[in-house]
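Chemist: Whenever a hint applies, use it, and build me the whole structure from the sequences.
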Amino acid sequence: MNVNLVQKFNLQGPLFLAPLGGGPGNPKLVAAVCNAGGLGILGAAYLTPAQIEKEILDIRDLTAKPFGVNLFVPAKPVEIAPNQLVNAIQVTAGYRNELNLQKPNLNPPFAENFEKQLEVILKAKPAVFSFVFGLLSKNVIQDLKKNNIFTIGTATTLDEALLLQDSGVDAITVQGVEAGGHRGIFDDKVEDPQKNVRTLLSECRKRIRVPLIAAGGLMSGRDMAEVVRLGAQAAQLGTAFLICDEATTSKPYRDKLLQQKPKVTALTRAFSGRIARGIENRFLLEMAKNPNAILPFPAQNVFTRDMRRASQEQGKSDFLSLWAGTGVNQIRGAMPAAELTKILFQEFKEQTKN
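Using the numbering used here, the first residue of the sequence shown is number 2, and each one after it goes up by one.
I should point out that these hints are in silico values taken from the structure, not numbers from a laboratory.
There's no promise every hint is true.
[Unchecked claim] Capping the alpha-carbon separation at 30 Å, the derived lysine-lysine pairs in DSSO-like fashion look like this: (1) 190 / 207; (2) 9 / 146; (3) 9 / 117; (4) 104 / 77; (5) 350 / 9; (6) 147 / 117; (7) 207 / 9; (8) 9 / 139; (9) 55 / 147; (10) 290 / 317; (11) 124 / 77; (12) 207 / 350; (13) 29 / 343; (14) 317 / 252; (15) 257 / 104; (16) 29 / 117; (17) 252 / 55.
[To be verified] Label-pair distances were calculated between CB atoms; the ranges are: (18) 167 / 128: 20 to 30 Å; (19) 246 / 317: 17 to 27 Å; (20) 344 / 140: 40 to 50 Å; (21) 114 / 188: 18 to 28 Å; (22) 330 / 80: 37 to 47 Å; (23) 5 / 148: 20 to 30 Å; (24) 283 / 351: 37 to 47 Å; (25) 114 / 314: 21 to 31 Å.
By construction, the Cβ of each residue, glycine as well, lies at the ideal position given by its N, Cα and C atoms.
Modeler: So this is what it looks like as C-alpha coordinates:
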(Lines of atoms letter the chains of each structure in order from A; the text may use other names.)
(Lines give C-alpha, C1' and ligand atoms only; values in the text may rest on other atoms or scores of the structure.)
Protein backbone atom coordinates (compact mmCIF):
# COMPACT_ATOMS: atom_id res chain seq x y z
CA MET A 2 0.00 0.00 0.00
CA ASN A 3 2.50 2.59 -1.17
CA VAL A 4 -0.09 5.09 -2.47
CA ASN A 5 -1.34 7.73 -0.07
CA LEU A 6 -4.72 8.89 -1.42
CA VAL A 7 -4.77 12.20 0.43
CA GLN A 8 -1.35 13.11 -0.93
CA LYS A 9 -1.95 11.69 -4.41
CA PHE A 10 -5.04 13.84 -4.98
CA ASN A 11 -3.80 16.77 -2.87
CA LEU A 12 -6.79 16.62 -0.52
CA GLN A 13 -7.33 18.57 2.69
CA GLY A 14 -8.43 15.36 4.38
CA PRO A 15 -9.54 11.76 3.71
CA LEU A 16 -12.97 12.57 2.25
CA PHE A 17 -14.57 11.22 -0.92
CA LEU A 18 -18.04 12.28 -2.07
CA ALA A 19 -20.08 9.18 -2.93
CA PRO A 20 -21.37 9.01 -6.52
CA LEU A 21 -24.95 10.19 -5.98
CA GLY A 22 -26.36 9.11 -9.34
CA GLY A 23 -29.96 9.33 -10.44
CA GLY A 24 -30.81 12.73 -8.99
CA PRO A 25 -28.84 14.43 -6.18
CA GLY A 26 -25.38 14.31 -7.77
CA ASN A 27 -24.33 16.86 -10.39
CA PRO A 28 -21.27 18.83 -11.53
CA LYS A 29 -21.84 21.71 -9.07
CA LEU A 30 -21.89 19.38 -6.06
CA VAL A 31 -18.86 17.41 -7.28
CA ALA A 32 -16.86 20.56 -7.98
CA ALA A 33 -17.82 22.18 -4.67
CA VAL A 34 -16.48 19.21 -2.70
CA CYS A 35 -13.31 19.18 -4.81
CA ASN A 36 -12.71 22.89 -4.33
CA ALA A 37 -13.14 22.46 -0.57
CA GLY A 38 -10.43 19.80 -0.45
CA GLY A 39 -12.30 16.51 -0.87
CA LEU A 40 -12.55 14.23 -3.89
CA GLY A 41 -15.90 14.54 -5.66
CA ILE A 42 -17.21 11.63 -7.72
CA LEU A 43 -19.92 11.97 -10.37
CA GLY A 44 -22.47 9.15 -10.50
CA ALA A 45 -22.85 8.70 -14.25
CA ALA A 46 -24.34 5.23 -14.71
CA TYR A 47 -27.73 6.55 -15.87
CA LEU A 48 -26.27 9.17 -18.21
CA THR A 49 -25.85 8.82 -21.96
CA PRO A 50 -22.30 9.11 -23.30
CA ALA A 51 -23.08 12.65 -24.53
CA GLN A 52 -24.39 13.62 -21.09
CA ILE A 53 -21.28 12.21 -19.40
CA GLU A 54 -19.07 14.20 -21.74
CA LYS A 55 -20.98 17.41 -20.99
CA GLU A 56 -21.00 16.89 -17.23
CA ILE A 57 -17.26 16.25 -17.17
CA LEU A 58 -16.75 19.50 -19.10
CA ASP A 59 -19.06 21.29 -16.64
CA ILE A 60 -17.03 19.99 -13.68
CA ARG A 61 -13.83 21.19 -15.33
CA ASP A 62 -15.36 24.62 -15.80
CA LEU A 63 -15.96 24.74 -12.05
CA THR A 64 -12.77 23.21 -10.65
CA ALA A 65 -9.16 22.50 -11.57
CA LYS A 66 -8.99 19.83 -8.84
CA PRO A 67 -8.99 16.05 -9.42
CA PHE A 68 -12.41 14.35 -9.52
CA GLY A 69 -13.88 10.97 -10.33
CA VAL A 70 -16.63 9.39 -12.44
CA ASN A 71 -18.57 6.25 -11.45
CA LEU A 72 -20.30 3.66 -13.66
CA PHE A 73 -22.05 0.32 -13.20
CA VAL A 74 -20.35 -2.84 -14.47
CA PRO A 75 -22.76 -3.94 -17.22
CA ALA A 76 -25.38 -6.47 -16.18
CA LYS A 77 -25.94 -9.65 -18.13
CA PRO A 78 -28.87 -9.32 -20.57
CA VAL A 79 -32.14 -10.19 -18.87
CA GLU A 80 -35.17 -11.81 -20.42
CA ILE A 81 -38.57 -11.01 -18.97
CA ALA A 82 -41.06 -13.86 -19.24
CA PRO A 83 -44.55 -12.73 -20.34
CA ASN A 84 -46.11 -13.93 -17.08
CA GLN A 85 -43.50 -11.96 -15.08
CA LEU A 86 -44.41 -8.74 -16.83
CA VAL A 87 -48.16 -9.38 -16.52
CA ASN A 88 -47.74 -9.93 -12.78
CA ALA A 89 -45.63 -6.80 -12.33
CA ILE A 90 -48.17 -4.71 -14.26
CA GLN A 91 -51.09 -6.09 -12.27
CA VAL A 92 -49.45 -5.49 -8.88
CA THR A 93 -48.53 -1.88 -9.74
CA ALA A 94 -51.72 -1.01 -11.66
CA GLY A 95 -53.31 0.67 -8.64
CA TYR A 96 -50.26 2.86 -8.11
CA ARG A 97 -50.25 3.97 -11.74
CA ASN A 98 -53.96 4.78 -11.59
CA GLU A 99 -53.32 6.87 -8.48
CA LEU A 100 -50.54 8.71 -10.28
CA ASN A 101 -52.60 9.11 -13.50
CA LEU A 102 -50.19 7.00 -15.52
CA GLN A 103 -50.82 4.79 -18.51
CA LYS A 104 -50.07 1.07 -18.64
CA PRO A 105 -46.29 0.81 -19.09
CA ASN A 106 -44.40 -0.42 -22.13
CA LEU A 107 -41.18 -2.22 -21.31
CA ASN A 108 -38.67 -2.72 -24.08
CA PRO A 109 -34.91 -3.36 -24.01
CA PRO A 110 -32.26 -2.09 -23.75
CA PHE A 111 -32.70 -1.44 -20.05
CA ALA A 112 -29.37 0.31 -19.47
CA GLU A 113 -26.98 2.67 -21.20
CA ASN A 114 -24.25 1.20 -23.40
CA PHE A 115 -21.31 0.72 -21.03
CA GLU A 116 -18.72 0.47 -23.81
CA LYS A 117 -19.79 3.83 -25.22
CA GLN A 118 -19.82 5.37 -21.74
CA LEU A 119 -16.33 4.02 -21.13
CA GLU A 120 -15.08 5.50 -24.41
CA VAL A 121 -16.00 8.93 -23.08
CA ILE A 122 -14.17 8.23 -19.80
CA LEU A 123 -11.02 7.13 -21.59
CA LYS A 124 -11.11 10.21 -23.80
CA ALA A 125 -11.89 12.68 -21.01
CA LYS A 126 -9.36 11.18 -18.57
CA PRO A 127 -10.81 12.12 -15.18
CA ALA A 128 -8.35 11.52 -12.34
CA VAL A 129 -10.46 8.67 -10.96
CA PHE A 130 -12.80 6.04 -12.37
CA SER A 131 -14.82 4.01 -9.87
CA PHE A 132 -17.27 1.21 -10.51
CA VAL A 133 -19.74 -1.10 -8.75
CA PHE A 134 -21.48 -4.45 -9.33
CA GLY A 135 -18.51 -6.66 -10.12
CA LEU A 136 -15.26 -6.89 -12.02
CA LEU A 137 -14.02 -5.22 -15.17
CA SER A 138 -11.86 -7.17 -17.56
CA LYS A 139 -8.12 -6.82 -17.13
CA ASN A 140 -8.00 -5.26 -20.62
CA VAL A 141 -10.33 -2.48 -19.49
CA ILE A 142 -8.26 -1.95 -16.33
CA GLN A 143 -5.12 -1.75 -18.47
CA ASP A 144 -6.76 0.78 -20.82
CA LEU A 145 -7.69 2.95 -17.85
CA LYS A 146 -4.15 2.76 -16.47
CA LYS A 147 -2.65 3.63 -19.88
CA ASN A 148 -4.66 6.83 -19.67
CA ASN A 149 -3.41 7.52 -16.13
CA ILE A 150 -6.89 7.03 -14.66
CA PHE A 151 -6.88 5.76 -11.08
CA THR A 152 -9.31 2.83 -10.80
CA ILE A 153 -11.46 2.01 -7.76
CA GLY A 154 -13.64 -1.10 -7.50
CA THR A 155 -16.32 -1.72 -4.89
CA ALA A 156 -16.53 -4.74 -2.55
CA THR A 157 -19.10 -5.87 0.01
CA THR A 158 -17.07 -8.91 1.19
CA LEU A 159 -13.43 -9.91 1.58
CA ASP A 160 -13.79 -12.39 -1.29
CA GLU A 161 -14.98 -9.62 -3.61
CA ALA A 162 -12.10 -7.41 -2.48
CA LEU A 163 -9.58 -10.16 -3.24
CA LEU A 164 -11.02 -10.60 -6.74
CA LEU A 165 -10.79 -6.86 -7.34
CA GLN A 166 -7.21 -6.78 -6.11
CA ASP A 167 -6.30 -9.63 -8.47
CA SER A 168 -7.93 -7.75 -11.36
CA GLY A 169 -5.46 -4.90 -10.95
CA VAL A 170 -7.51 -2.04 -9.47
CA ASP A 171 -5.61 0.75 -7.74
CA ALA A 172 -7.90 0.94 -4.69
CA ILE A 173 -11.08 -0.62 -3.30
CA THR A 174 -14.15 0.92 -1.71
CA VAL A 175 -15.32 -1.43 1.02
CA GLN A 176 -19.04 -0.86 1.27
CA GLY A 177 -20.75 -1.81 4.49
CA VAL A 178 -24.40 -2.80 4.71
CA GLU A 179 -25.11 0.60 6.30
CA ALA A 180 -24.55 2.40 2.97
CA GLY A 181 -27.38 4.19 1.22
CA GLY A 182 -28.26 3.48 -2.38
CA HIS A 183 -27.31 0.39 -4.32
CA ARG A 184 -25.29 -2.33 -2.70
CA GLY A 185 -22.18 -3.17 -4.72
CA ILE A 186 -22.72 -6.94 -4.48
CA PHE A 187 -21.20 -8.74 -7.48
CA ASP A 188 -24.01 -11.27 -7.93
CA ASP A 189 -27.40 -9.58 -7.85
CA LYS A 190 -29.15 -12.94 -7.35
CA VAL A 191 -27.65 -13.61 -3.92
CA GLU A 192 -28.81 -12.29 -0.58
CA ASP A 193 -26.96 -9.39 0.99
CA PRO A 194 -23.87 -10.54 2.96
CA GLN A 195 -24.82 -7.94 5.62
CA LYS A 196 -21.22 -7.06 6.49
CA ASN A 197 -20.97 -3.79 8.39
CA VAL A 198 -18.23 -1.43 7.28
CA ARG A 199 -16.11 -1.77 10.41
CA THR A 200 -16.05 -5.58 10.28
CA LEU A 201 -15.36 -5.51 6.55
CA LEU A 202 -12.47 -3.08 7.02
CA SER A 203 -10.96 -5.25 9.73
CA GLU A 204 -11.11 -8.30 7.47
CA CYS A 205 -9.77 -6.54 4.40
CA ARG A 206 -6.85 -4.71 6.00
CA LYS A 207 -5.19 -8.09 6.71
CA ARG A 208 -5.37 -9.38 3.13
CA ILE A 209 -5.67 -6.39 0.82
CA ARG A 210 -2.54 -4.52 -0.27
CA VAL A 211 -4.15 -1.65 -2.21
CA PRO A 212 -5.66 1.38 -0.43
CA LEU A 213 -9.10 0.95 1.11
CA ILE A 214 -11.90 3.53 1.10
CA ALA A 215 -14.65 3.00 3.68
CA ALA A 216 -18.34 3.55 2.88
CA GLY A 217 -21.47 2.88 4.88
CA GLY A 218 -23.43 5.07 7.29
CA LEU A 219 -20.59 7.58 7.75
CA MET A 220 -21.87 11.06 8.58
CA SER A 221 -19.24 12.95 10.59
CA GLY A 222 -15.57 13.69 11.03
CA ARG A 223 -15.67 11.34 14.00
CA ASP A 224 -16.84 8.55 11.69
CA MET A 225 -14.07 9.43 9.24
CA ALA A 226 -11.44 9.24 11.98
CA GLU A 227 -12.75 5.91 13.19
CA VAL A 228 -12.55 4.19 9.79
CA VAL A 229 -9.08 5.64 9.20
CA ARG A 230 -7.98 4.14 12.51
CA LEU A 231 -9.40 0.82 11.30
CA GLY A 232 -7.27 0.87 8.17
CA ALA A 233 -9.06 2.99 5.56
CA GLN A 234 -7.17 5.70 3.72
CA ALA A 235 -10.37 7.65 3.09
CA ALA A 236 -14.05 7.75 3.99
CA GLN A 237 -16.78 7.98 1.35
CA LEU A 238 -19.84 9.99 2.40
CA GLY A 239 -23.04 10.40 0.41
CA THR A 240 -26.12 10.76 2.61
CA ALA A 241 -24.49 13.62 4.51
CA PHE A 242 -24.45 15.72 1.30
CA LEU A 243 -28.01 15.04 0.09
CA ILE A 244 -29.45 18.34 1.29
CA CYS A 245 -26.49 20.54 0.49
CA ASP A 246 -27.41 23.62 -1.54
CA GLU A 247 -25.80 22.28 -4.71
CA ALA A 248 -27.46 18.85 -4.55
CA THR A 249 -30.30 18.40 -7.06
CA THR A 250 -32.30 16.38 -4.55
CA SER A 251 -36.01 16.72 -5.32
CA LYS A 252 -38.29 18.64 -2.93
CA PRO A 253 -40.26 15.63 -1.67
CA TYR A 254 -36.97 13.78 -1.12
CA ARG A 255 -35.51 16.77 0.77
CA ASP A 256 -38.66 17.13 2.84
CA LYS A 257 -38.42 13.47 3.85
CA LEU A 258 -34.75 13.85 4.79
CA LEU A 259 -35.51 16.91 6.91
CA GLN A 260 -38.57 15.59 8.73
CA GLN A 261 -38.18 15.67 12.50
CA LYS A 262 -39.40 12.19 13.34
CA PRO A 263 -36.79 9.40 13.08
CA LYS A 264 -36.36 7.94 9.62
CA VAL A 265 -36.05 4.18 9.17
CA THR A 266 -34.05 2.72 6.31
CA ALA A 267 -34.37 -0.75 4.79
CA LEU A 268 -32.89 -2.87 2.04
CA THR A 269 -35.13 -3.33 -0.99
CA ARG A 270 -35.19 -4.52 -4.59
CA ALA A 271 -38.48 -2.73 -5.26
CA PHE A 272 -37.19 0.22 -7.27
CA SER A 273 -34.46 -1.26 -9.47
CA GLY A 274 -34.38 -5.04 -9.00
CA ARG A 275 -31.05 -4.77 -7.18
CA ILE A 276 -30.63 -4.55 -3.43
CA ALA A 277 -30.41 -0.94 -2.28
CA ARG A 278 -30.93 0.93 0.99
CA GLY A 279 -33.48 3.69 1.26
CA ILE A 280 -35.89 5.35 3.67
CA GLU A 281 -39.00 3.29 4.17
CA ASN A 282 -42.00 4.58 2.26
CA ARG A 283 -45.24 3.16 0.98
CA PHE A 284 -43.91 1.55 -2.21
CA LEU A 285 -40.89 0.01 -0.47
CA LEU A 286 -43.02 -1.52 2.29
CA GLU A 287 -45.89 -2.73 0.13
CA MET A 288 -43.65 -4.27 -2.54
CA ALA A 289 -41.88 -6.24 0.20
CA LYS A 290 -45.11 -8.26 0.34
CA ASN A 291 -44.95 -8.90 -3.43
CA PRO A 292 -41.35 -9.94 -4.16
CA ASN A 293 -42.43 -12.04 -7.16
CA ALA A 294 -43.74 -8.90 -8.84
CA ILE A 295 -40.27 -7.31 -8.87
CA LEU A 296 -38.50 -7.67 -12.21
CA PRO A 297 -34.74 -8.34 -12.43
CA PHE A 298 -32.22 -5.50 -12.57
CA PRO A 299 -32.04 -3.30 -14.59
CA ALA A 300 -35.50 -3.93 -16.08
CA GLN A 301 -37.22 -3.05 -12.79
CA ASN A 302 -35.44 0.29 -12.77
CA VAL A 303 -36.94 1.14 -16.16
CA PHE A 304 -40.32 -0.31 -15.16
CA THR A 305 -40.66 1.96 -12.08
CA ARG A 306 -39.21 5.08 -13.68
CA ASP A 307 -42.57 6.55 -14.68
CA MET A 308 -43.92 6.14 -11.15
CA ARG A 309 -40.87 7.73 -9.58
CA ARG A 310 -40.99 10.65 -11.99
CA ALA A 311 -44.72 11.23 -11.45
CA SER A 312 -44.30 10.95 -7.68
CA GLN A 313 -41.64 13.64 -7.77
CA GLU A 314 -43.67 15.91 -10.05
CA GLN A 315 -46.72 15.55 -7.80
CA GLY A 316 -44.70 16.30 -4.67
CA LYS A 317 -45.14 12.84 -3.16
CA SER A 318 -42.42 10.72 -1.57
CA ASP A 319 -44.54 7.54 -1.58
CA PHE A 320 -43.04 6.17 -4.80
CA LEU A 321 -39.56 7.71 -4.74
CA SER A 322 -36.35 5.77 -4.21
CA LEU A 323 -35.27 7.69 -1.12
CA TRP A 324 -31.73 6.35 -1.00
CA ALA A 325 -30.07 7.00 2.35
CA GLY A 326 -27.69 5.26 4.71
CA THR A 327 -28.34 4.17 8.28
CA GLY A 328 -26.87 7.43 9.59
CA VAL A 329 -29.58 9.52 7.92
CA ASN A 330 -30.98 10.78 11.22
CA GLN A 331 -27.67 12.59 11.80
CA ILE A 332 -28.12 14.66 8.63
CA ARG A 333 -27.45 18.36 9.20
CA GLY A 334 -29.40 21.35 7.95
CA ALA A 335 -29.05 22.61 4.40
CA MET A 336 -25.76 24.42 3.71
CA PRO A 337 -23.24 24.82 0.90
CA ALA A 338 -21.22 21.67 0.26
CA ALA A 339 -18.00 23.58 0.92
CA GLU A 340 -19.23 24.49 4.40
CA LEU A 341 -20.14 20.89 5.20
CA THR A 342 -16.79 19.69 3.90
CA LYS A 343 -15.01 22.23 6.10
CA ILE A 344 -17.00 21.07 9.15
CA LEU A 345 -16.17 17.44 8.43
CA PHE A 346 -12.46 18.19 8.13
CA GLN A 347 -12.50 20.18 11.37
CA GLU A 348 -14.26 17.33 13.20
CA PHE A 349 -11.76 14.86 11.73
CA LYS A 350 -8.80 16.95 12.90
CA GLU A 351 -10.24 17.24 16.40
CA GLN A 352 -10.52 13.43 16.58
CA THR A 353 -6.95 12.89 15.38
CA LYS A 354 -5.10 15.56 17.38
CA ASN A 355 -3.49 13.01 19.64
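Chemist: Hint check: residue 190 vs residue 207, CA-CA at most 30 Å. Holds or violated?
Modeler: 28 Å, holds
Chemist: Given the proposed pairing of residue 350 with residue 9, does the C-alpha separation stay at or below 30 Å?
Modeler: Holds, at roughly 19 Å.
Chemist: Keeping to a limit of 30 Å between CA atoms, is the pair of residue 104 and residue 77 held or broken?
Modeler: Satisfied, since the Cα-Cα distance of roughly 26 Å is no more than 30 Å.
Chemist: Assess, step by step, whether the Cα of residue 9 is no farther than 30 Å from the Cα of residue 117, and give holds or violated.
Modeler: It holds: about 29 Å lies between the C-alpha atoms, which stays within 30 Å.
Chemist: Would the pair residue 29 and residue 117 pass a check requiring their Cα atoms to be no farther apart than 30 Å?
Modeler: 24 Å, holds
Chemist: Residue 5 and residue 148, beta-carbon distance inside 20 to 30 Å?
Modeler: 22 Å, holds
Chemist: Hey, residue 147 versus residue 117, does the alpha-carbon distance stay inside 30 Å?
Modeler: 18 Å, holds
Chemist: Does the Cβ-Cβ separation between residue 344 and residue 140 fall within 40 to 50 Å?
Modeler: With Cβ atoms ~42 Å apart, the hint holds.
Chemist: Could one say that the CB atoms of residue 246 and residue 317 fall in the range 17 to 27 Å?
Modeler: 24 Å, holds
Chemist: Is it true that the C-beta distance of residue 283 to residue 351 lies inside 37 to 47 Å, as the hint says?
Modeler: 41 Å, holds
Chemist: With a cut-off of 30 Å on the C-alpha distance, tell me whether residue 317 and residue 252 pass.
Modeler: With a Cα-Cα distance of about 9 Å, the restraint between residue 317 and residue 252 holds, given a limit of 30 Å.
Chemist: Keeping to a limit of 30 Å between CA atoms, is the pair of residue 257 and residue 104 held or broken?
Modeler: Status holds; Cα separation ~28 Å.
Of the numbered hints given earlier, the model fails none.
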